[in-house]
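Chain G is already provided as a structure; the job is to place chains X, P, R, U, H, C, L, F and E on it using the hints.
Residue numbers (my numbering), protein chains in the order written: chain G, 1 to 157; chain X, 158 to 314; chain P, 315 to 471; chain R, 472 to 628; chain U, 629 to 785; chain H, 786 to 942; chain C, 943 to 1099; chain L, 1100 to 1256; chain F, 1257 to 1413; chain E, 1414 to 1570.
FYI, nobody ran anything at the bench for these hints, they're computed from the structure. From a predicted model like this one, the values you see are computed outputs, not experimental measurements. In this text, a Cβ means the ideal position worked out from N, Cα and C, and glycines have one as well. Only true hints are included.
Just some of the chain P residues that point at chain G, by a computed CB distance under 8 Å:
(1) Asp329
(2) Pro332
(3) Gly404
(4) Arg405
(5) Ala445
(6) Ile446
Simulated DEER-style distance windows between Cβ atoms:
(7) H:Lys941 x L:Glu1135: 22 to 30 Å
(8) G:Pro94 x P:Asp376: 27 to 35 Å
(9) G:Glu79 x F:Ala1336: 25 to 33 Å
(10) X:Lys313 x R:Thr500: 29 to 37 Å
(11) G:Glu147 x U:Ser673: 57 to 65 Å
There are 10 protein chains.
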Amino acid sequence: MAERTLATLDSSIVDRLPTSSRTLFQAKTQKALTFESIASSLGRSEVAVAALFYGQATASADDIVKLSEILGVEKSQLEAELAQGFPDRGRAGPMPPVEPLIYRLYEIVQNYGYAYKAILNEKFGDGIMSAISFSTKVEKEVDDKGEWAVITLRGKW
Amino acid sequence: MAERTLATLDSSIVDRLPTSSRTLFQAKTQKALTFESIASSLGRSEVAVAALFYGQATASADDIVKLSEILGVEKSQLEAELAQGFPDRGRAGPMPPVEPLIYRLYEIVQNYGYAYKAILNEKFGDGIMSAISFSTKVEKEVDDKGEWAVITLRGKW
Amino acid sequence: MAERTLATLDSSIVDRLPTSSRTLFQAKTQKALTFESIASSLGRSEVAVAALFYGQATASADDIVKLSEILGVEKSQLEAELAQGFPDRGRAGPMPPVEPLIYRLYEIVQNYGYAYKAILNEKFGDGIMSAISFSTKVEKEVDDKGEWAVITLRGKW
Amino acid sequence: MAERTLATLDSSIVDRLPTSSRTLFQAKTQKALTFESIASSLGRSEVAVAALFYGQATASADDIVKLSEILGVEKSQLEAELAQGFPDRGRAGPMPPVEPLIYRLYEIVQNYGYAYKAILNEKFGDGIMSAISFSTKVEKEVDDKGEWAVITLRGKW
Amino acid sequence: MAERTLATLDSSIVDRLPTSSRTLFQAKTQKALTFESIASSLGRSEVAVAALFYGQATASADDIVKLSEILGVEKSQLEAELAQGFPDRGRAGPMPPVEPLIYRLYEIVQNYGYAYKAILNEKFGDGIMSAISFSTKVEKEVDDKGEWAVITLRGKW
Amino acid sequence: MAERTLATLDSSIVDRLPTSSRTLFQAKTQKALTFESIASSLGRSEVAVAALFYGQATASADDIVKLSEILGVEKSQLEAELAQGFPDRGRAGPMPPVEPLIYRLYEIVQNYGYAYKAILNEKFGDGIMSAISFSTKVEKEVDDKGEWAVITLRGKW
Amino acid sequence: MAERTLATLDSSIVDRLPTSSRTLFQAKTQKALTFESIASSLGRSEVAVAALFYGQATASADDIVKLSEILGVEKSQLEAELAQGFPDRGRAGPMPPVEPLIYRLYEIVQNYGYAYKAILNEKFGDGIMSAISFSTKVEKEVDDKGEWAVITLRGKW
Amino acid sequence: MAERTLATLDSSIVDRLPTSSRTLFQAKTQKALTFESIASSLGRSEVAVAALFYGQATASADDIVKLSEILGVEKSQLEAELAQGFPDRGRAGPMPPVEPLIYRLYEIVQNYGYAYKAILNEKFGDGIMSAISFSTKVEKEVDDKGEWAVITLRGKW
Amino acid sequence: MAERTLATLDSSIVDRLPTSSRTLFQAKTQKALTFESIASSLGRSEVAVAALFYGQATASADDIVKLSEILGVEKSQLEAELAQGFPDRGRAGPMPPVEPLIYRLYEIVQNYGYAYKAILNEKFGDGIMSAISFSTKVEKEVDDKGEWAVITLRGKW
Amino acid sequence: MAERTLATLDSSIVDRLPTSSRTLFQAKTQKALTFESIASSLGRSEVAVAALFYGQATASADDIVKLSEILGVEKSQLEAELAQGFPDRGRAGPMPPVEPLIYRLYEIVQNYGYAYKAILNEKFGDGIMSAISFSTKVEKEVDDKGEWAVITLRGKW
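Next comes chain G alone, as it looks inside the complex:
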């Protein structure tokens, strides 16, 4: 269905997320904005913006000003909901994931975990890739075999 292009917030996971998630998603739906357009206005990556909407990332004071404009939400409300506290991460969904799309990512870790570790250790020595000093992006590639989703994870060693 080509015209369906807006991710919304499923009501059944609202309870696990901070109050701000509901506010942000409602405004996004009402304004019919994609994460791509919000990210572009905000000057942050799409995944970072989605993570912020799901309460997994913090908003800067500047983000809040811009979000207020982009989404048409009172700045004071966004400040109350987004400017204080620190993200309580990791609660959006169950693990192992039951959502098929998210499960595929989990399956990659399950199947390739040791392969990644072996390659990373041989390249970097003993250590770890940070999941915190970390950025990630999603891109779409199209070739004659069809569409490809390309996810890039970049973490400090």
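Frame of chain G, contents of chains X, P, R, U, H, C, L, F and E only:
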């Protein structure tokens, strides 16, 4: 410890892997080969080669010929261990992972799962990124902040 | 009890489903429609329609128009509930299932999983049957031994 | 890899299966027989034969005579391993499955479980589809979109 | 305490049960009826009636008429709550059970499961005892050693 | 397969059972004895004998003398394996059971647990049915609808 | 803090307990009564009274009369909440316990379970200590090493 | 069976226990000693001795000398197995326990945990009963109602 | 974001905490107080104060007086919420933790648990470090490699 | 028992650890060396050395030379076992820990996790304390109240 550059097979996970894993890792250790050098000789990506060593991927007839040469293992033994059957994937380690490096990848799925889903759905519509028609690579980047591990996942939508 | 022919929505699982599930099932009950008749009017398979009611599948714009007529629900309400967002699948019930009928399907996977894998691998080579590019139907057969349920799963390799 | 057509028994699951599984798979590998050819000689469905190899189904006295000939295993050995006792089913693999192909079947139950139940109840009334008085088959279809795996489950209501 | 003879519905499990459970138990408490007397009026076994109260069994049209009289609940309300849909079984309590009395039954399965299987297989061959085509009753026996609870399970093979 | 009438010990559960289980089952298989015939010679119920074979019940000195004769096992060996220690019960199989036949018993507890509790409480007051001062038997009934397995549990209140 | 001597009901576990728990604890708090004083007025042991407050034990008609006086709650309310139904035990908290004090008791079972079993079996033979025909008390001893909590469990063999 | 008075070590849990457990239990069985007699010779409580046999407690140098005499095991062997290292507690059995006798103790914690906590807090204030500075004993009482097992736990507050 | 310095209470965990947590955190947010400043006014360690806010520790009568002043909350309200009952600890979050920061502490226990035990045993003998007679603090160190968090745990042996 | 000062390797966890753990602990026991003395000779912290013995940390080339001397193990053997590969961390014991001493550390995370997070966030902002760029030590303090274990965790923010 700069000189430690070889991933080996931990004896405590051998029981979960096919016989070929032990053969391949022993030869790799004896020849002191990195996955990078094997991958280069084999003409496949490093992660694919590591996955093959961990029994998560299949070897082609051509791979077996080359591996026999590279690793100095009898071709007949590799054929017996690698040319038949189909990978029984997903058993290398427990989930959630207890190994910290692998856990970080798991944590990324836990924290960013819904953000990825939202972005992917907005870019591609309803559907899924395949974890099977899928390739992946690991790269090392160095900048003034230090070393960065970059993992790329590319899956058919 | 021959006259009981309508599946309804059990109140104890409503919280795990999207808002649309309640709307759709209430209208179905009020109109006393079976999935068979809705599917027939909609031109989709019965299982697809039931999956849509349980929030596991998406409705096209055309589906929404027809559902509005069939169920007597305002099109605007169905659009608000069904035309946006993407299904957050997999939450209808616990796994392992506690419902005996659903458990039987689970038990088939438990008991025949490796047999299916062996047969599929021998027929198709290494790979996977998609659970997404996938269609499924339920049929009823009657012979002298009684009634038989026939479930067909058809997935892209 | 077109030439890989034989499912074998992964050494890491042998401990969960009866002794007969090892005997049967070893002979199958040595004779290079597919399940299709064994099933054809035996006059049973492919999945039933694979289930028998994995210890999930019983062999009749006639099956044992034929298997002895087909596989070149002493009839007395097959009798000792196959003619006594009753299958202790359900132990071949973990649940939820970690093998991606088997997981896809599990995911179908997870996502469509309630939809199947609704359709089955509306067609048959309250009750259950037997997973014991039950037959199943796997077929391969090819069309212009590619290959499709078709699994049919047929159970007594 | 000799005078305590009425099972009621514990408020902490109401959420897992259908709406009808609350209606039925409230009326039963108000009328101070035992399951024995309801079962006798209804012409069904006590366990079947209790199962119906807990939403594990269906009520026939005739049951509904009688229950309306016995319990003093409007027939229309019982029809709305009991005459539609199909039981979504298995959710009354957690497994393993935490309630000691129910745990004892679970423990019997844990300790005697294989013994039952061995005896049943030797008596009936390979197969299964249905938990659906199934009836069960509870009786009280008194001898000089005290009171004995006798539970009989009768299932189609 | 009419001729298959002997339950044997599945090799994959031997490790969870005491040494005596292997001894007893091997002799039973070699002598081709059913539990019915052993129980009859021993003067105990079939389920009790099977439970003894699975290490869930104790053998009296008299049982040991008789078992030695019936099974043709040296009395000294049976004494060493059966006359000392106390059963370490509950380890024969996993819970929830994966074996379909045993699962059906588990499912009965899951679905009818609260119904049994309600009936038992109304008949006996607050308390519990012992799973230890307890006897149980399995019977086979045949009527025009087919074969029925009847399991009776009798426990001290 | 010497002055803190009243156990109250934590609001976060109220949902798992029967309605009576809230009534009883609120009255206890308002009257500032310890379990010791209530137990003394009631003529039952302190643990039994606390168990009654947590819905793990039944109140006799006499208990209800006395509790009404002691706590200043209408007898009719206590009768409605306490005189009917049977305890649905075992739901007060999660297992393994997360509360450190309760965890210590759990740890004793974990560490000494087999030691208790060995001693009990040698003293009593095969059998079991009832957790139902059972009484228990808590005492405080003080010696020069400090205070000691002494818990006694007394169960019918 | 009056004559069965010796607890032995079940072979199926040996792997979870230290080497000393096997040595100690074998000698105990060969000498036909009860824990009561060993405890009496050793001057320690029965439960402490059983805990030592199961690797849950340490032996003093003096204990080792005495155990060597009592059990007829070379002192050097006992020293090698018992005089070094520190107990790695808590592994004897699974939690929740599957052994019915041990489960009953677990059930007491499950049902009475909060009652104990309430009583202990009211008697001692906020704090905890140590499971380490802790002693415990088992006694047998006989009255006209039968035999009673009395377990006393005494822990430092 | 330098200006974000106030920990607040995430709405999604409020249900697991006592009423006082909400009161305390709301006042803290309104007054814009850090735990450092509250701890300094209260004369207790920062972690102790945060633990008190999360319902893991008790407030003395003196603490309540001071907290009333510092936070501007009526003393009577704090007394009602804080001066009675005993902490029901351990429920703030799931284990294993999903919050990355808390998971890191969990991971330290997972990876270093046996190392700590070995060192503690060699230093102190057999025994245990109390988690109750226990104090802990968090400090910040800065050196040329960056900022370091230093957590000190001090427990009675 | 004052003389017990050596931590050894419990045989029941050997299978989860690399081969080097057995070698190192055996030599340590034979030489009767404490971790304190080894750490002192090696110039590393005690916990780091114990972690190395349990396979949770890597040994440098220099460590191997010194360990060979200190422990009297052939350098070639230590090189084979310690100089290659990368630690596969996190497998030494189960989580939640069953060992009481290790459980106490786990309990600290369970009870104080959010308190630590709140304090750390207020001191450092959003982020995480590394469990990898991390050092830790154990100290013993004695005062008039007895012995205190002091564990310090120091991680990069």
